[in-house]
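> So the protein lines, in turn, are chains A, B and C. Residues in the first sequence are numbered consecutively from 1208, following my numbering. Residues in the second sequence are numbered consecutively from 23, following my numbering. Residues in the third sequence are numbered consecutively from 56, following my numbering.
Since the hints were derived computationally from the structure, they do not count as laboratory data. There's no promise every hint is true.
Claimed, not checked - Only pairs whose alpha carbons sit at most 25 Å apart, straight line, appear in this in silico DSS-like list of lysine-lysine:
1) C:271 to C:291
2) A:1225 to C:182
3) A:1337 to A:1327
4) C:291 to A:1337
5) A:1327 to C:291
6) C:271 to C:182
7) C:149 to C:236
8) A:1225 to C:271
9) C:291 to A:1331
To be verified - From the derived model, a few chain B residues whose C-beta atoms are all more than 10 Å from chain C:
10) 101
11) 113
12) 114
13) 115
14) 116
15) 149
16) 168
Note that beta-carbon positions come from the ideal geometry of N, C-alpha and C, so glycine has one too.
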Amino acid sequence: MPLLDLQNLRMYYSLGDKWVKAIDGVSLSIARGETLGIVGESGCGKTSIMYTILRILPENARIMEGGILFDGADLTKIPEDAMRQIRWRRISAIFQNAMNALNPVFRVGDQIIEVLTVHKNLSKQAARAKVRDLFELVGLSDAHMNNYPHEFSGGMKQRAIIAMSLACDPDLIIADEPVTALDVVVQDQILWEIRNMQESRNVAMIIISHDISVIAETCDSVAVMYGGRILEFGSSTSVFHDPRHPYTIGLLASFPSLKGQKRKLVSIEGVPPDLVNPPSGCLFAPRCPFAKPVCATRPPRTTIDGQHFSECHFARDPQIQTIRFGG
Amino acid sequence: MLGLIILVISTGLAALAPVISPYDPFVQSDLLFLPPSGRHLLGTDNLGRDLLSRIIWGTRVSLLFGAGVSGISLLMGIVLGAIPGYFGGHIDDLFSRFFEIYLMIPTLFLTILVVSIFGANIVFAMVIVGLTLWPSNARITRAQVLSLKSRGYVLAATGAGASHVRIMFRHILPNGIYPVIVNSTLQIRNAILTEASLSFLGLSDPNQVSWGQILNVAQSHITAWWLAVFPGIAIMMLVLAFSFLGEGVNFVMTPRLRKRT
Amino acid sequence: MSGYVIRRILEMIPVVLIVIVFNFTLIHLAPGDPVTILAGEAGTREYVEATRKRYGLDEPIYKQLAIYLINVLRGDLGYSFAHSRPVLELIIEKTPATLLLVLTSQSLSIVFGTILGAFCARRYRTKTDYVISFLSLIMYSIPGYWLGLILILVFGIGLRVFPIWGMISAGAGFTGIDYIKDILWHLFLPALTLSAAWLTPLFTRIARSSVIEVMKEDYITVARAKGLTENTIFFKHALRNALIPTVTQAGLILGFVLGGALMTETIFAWPGLGRFMYESIFRRDYPVLMGLFLVTSLCVVAAGLITDIIYGFLDPRVVYK
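Generate coordinates for the entire structure from the input sequences, incorporating the hints supplied.
This is the structure:
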């Protein structure tokens, strides 16, 4: 049984009389100890997934349909106190923008101690000891426990956030753009540490990023998200080496490769779809160089093999892999 | 929105004061301390003057004072705020120090002090109060200038060789002006309250009719309750009008700002 | 932390000097002979001459400034002829009454206003929020002294519940507990006036917008993700951040509060500095006025300093500048 199973999830934001369809029919699953990457442009709904799973959505958000099965229980239906037990204790998070994720008036160490005393009922001393271990794990000296967030550098804050997410030994960690705000060298270190920790503790991870290279380095499986839907999903190897959706192909093409030939950087023309009035046919059709008349209807989910599927009319057509994007 | 309506009515009242007041506000009569009645809708005061007329005339003073003070404050504030913001460096540091010190002065005391020493003249009072209020406008202007001066179009204009003055007036100020306008409505409101306070203490221009003056009389003759109640309501309404106006302006300007950027 | 405190104190010293110089400038800018300001209009010939000598008014201006400065620092603020006592002594005598009024009103307002504001923020955009905010706005638009007059009308004269004059019942000779009760009874209306008309709405507004701003911050979302209860999030994480503007404002508005106190004291004949100022205006007792101005300015500076120090305790970011 998968650890987390999103079943046809629909979550909309209400803006006055309009609905913004942030998550419009997403089905994903992740097994224990597995890493799943969700990649997509900004605004495609990927951050919303994190908020929806943890049920920390703003007032104007509503889960319209679908289930979030976590270890058997449907998170959309359990009462708030039950949810509170799950938060952080079993599912924790690494937030984008660590700059503001720490409360400026409390010491960093205390903020981590807080989750330990609340969720694990540890005494202050025990909690302190554990935080010291966590700090060591992420490469922070424990002298920093008594410092305030503004005394930390960006990289240090990110490490602290990572340490905090591990504190309660959760089953699943959702990381939203965990390294985007850092410079490349630090990025590399942190990614390596994340991968390390994840493997040694057998924690399942969902990594959300717009940066394909981050996902490629750390994830077992990949979901490509666009306009609130998953356009392609599969193991990293199959999606990256055998992409079956024009959007995935476009994404791969727009990232430069350090090795390999120097080639012109490609960009996908056009703008992301309007989430209030999404197109009735294929969401990507307006920007797709391969679009044909049939694309005016919603593409079915086509299984390529095993877990790998793609929502494109031409998923099985080898021709799509010859698509060239302009730019 | 609502504020605008009240404001328009008040301005109308003020302008038409001589025409519509039932009585000359300065004329004294023998009918002292009449409670509200048919002939004198709001009663009369200690010198037999009709209260309604005095209140109507009082509108003039309040509006005038508010406008005058705010004008001075606006002018000085914008200029003295834009300069430090634009040039930065030492001038800016000096300005910040200066501003801090300014904040320390108990403004009402100062105003009272100055007016009592130098005499109670409405124009003079306006100048003094204006002088106490300009720093807040200056601070806002400075912040606006600071944030706008690194915007693309400013840099473009500098590159094209525009003079400092031109940049300031053509490019920065029109975009940065909105918060200052909102602040000004607040200042008018405070100015009106200050004027009322001053005249309440007996420091107003004896040639003018002011609501505070009426309240002054009301204080010593507290049983004539109409003298206390009505001017207060008038003050409250006018002040509220400006508060609403300020919020309205703020509301209108903000989405517009967002659309621009 | 102590470094921060010392730094702030040192920064205040030039400010204090500037305030004194400003006072001096004011004296000399006044129309007429500065000696009138310093000696008051009621002085006798000899007194006026003596004052002239004492302040060195025949000397060049910079010498005068020096003399004035020294006098002030020695505690000599002049002599009130109207009261036949030194100005400083009079001021010290009247300070406790004002202190009582101001501190009571301000504390009540801060507490009540902040609770109200936080309460509103938690019910953001609900009917309760709108109603309270609107009432707050109305109260804010009422001149304090008008409210005082109305209260006098209603409670003092109409219902005859509270005394409306002075701080103690004259001639009653209460002592001990009765004395305190008597003062409190007299304190009620003036404190209510000062606090309700302006201070409370102000703090309500500050608290409300501050809490609303803080609740939007990322670390609050994180706190929620951490599985903390709403109450913990609100009282522990949000409030500590949100109270910072309240504290800052509390210190900064002292200048204006004193202005309000002036009004209130005048109406209720409360024997404090405000009333003293009012009387002195009409007596044209200039030495007193100048002295009062100087003292109040310095108090405001001191309040600013204390606020800064308290702020340093609340917000760790500011100490390490």
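> Against this structure, judge whether each hint is valid.
Going down the list of hints, with the structure as the test:
1. For the given pair, residue 271 of chain C sits about 15 Å from residue 291 of chain C by alpha-carbon distance, which is consistent with the 25 Å threshold.
2. For the hint pairing residue 1225 of chain A with residue 182 of chain C, the CA-to-CA distance comes to about 23 Å; that is within 25 Å, so the pair holds.
3. Using a Cα cut-off of 25 Å, the hinted pair residue 1337 of chain A and residue 1327 of chain A holds, with the two alpha carbons roughly 11 Å apart.
4. Between residue 291 of chain C and residue 1337 of chain A the alpha-carbon distance is near 23 Å, which keeps this suggested pair within the 25 Å criterion.
5. Among the hinted pairs, residue 1327 of chain A with residue 291 of chain C is consistent with the structure: their alpha-carbon atoms are about 19 Å apart, no more than 25 Å.
6. Distance hint between residue 271 of chain C and residue 182 of chain C is fulfilled; the C-alpha atoms sit about 21 Å from each other, no more than 25 Å.
7. Straight-line distance between C-alpha atoms of residue 149 of chain C and residue 236 of chain C comes to about 20 Å, which keeps the hinted pair within the 25 Å bound.
8. The suggested pairing of residue 1225 of chain A with residue 271 of chain C holds, with an alpha-carbon distance near 23 Å, which does not exceed 25 Å.
9. For the proposed pair residue 291 of chain C and residue 1331 of chain A, the alpha carbon gap of about 17 Å is at most 25 Å, so the pair holds.
10. With a least CB separation of 22 Å from chain C, residue 101 of chain B remains clear of the 10 Å interface cut-off, as annotated.
11. With 10 Å as the threshold on Cβ separation, the claim that residue 113 of chain B sits away from chain C holds: the shortest Cβ distance comes to roughly 18 Å.
12. No Cβ of chain C approaches the Cβ of residue 114 of chain B within 10 Å, the least distance being about 17 Å, so the stated non-interface status holds.
13. Under the 10 Å C-beta cut-off, the non-interface status given to residue 115 of chain B relative to chain C holds; the minimum distance is some 13 Å.
14. In this structure residue 116 of chain B is separated from chain C by more than 10 Å, as the shortest Cβ-Cβ distance comes to about 13 Å.
15. Chain C leaves residue 149 of chain B outside its interface by the beta-carbon criterion, the shortest separation being 13 Å against a cut-off of 10 Å.
16. Residue 168 of chain B, annotated as away from the interface, keeps every beta carbon of chain C farther than 10 Å; the closest lies near 19 Å.
Violated hints: none; the structure is consistent with every hint.
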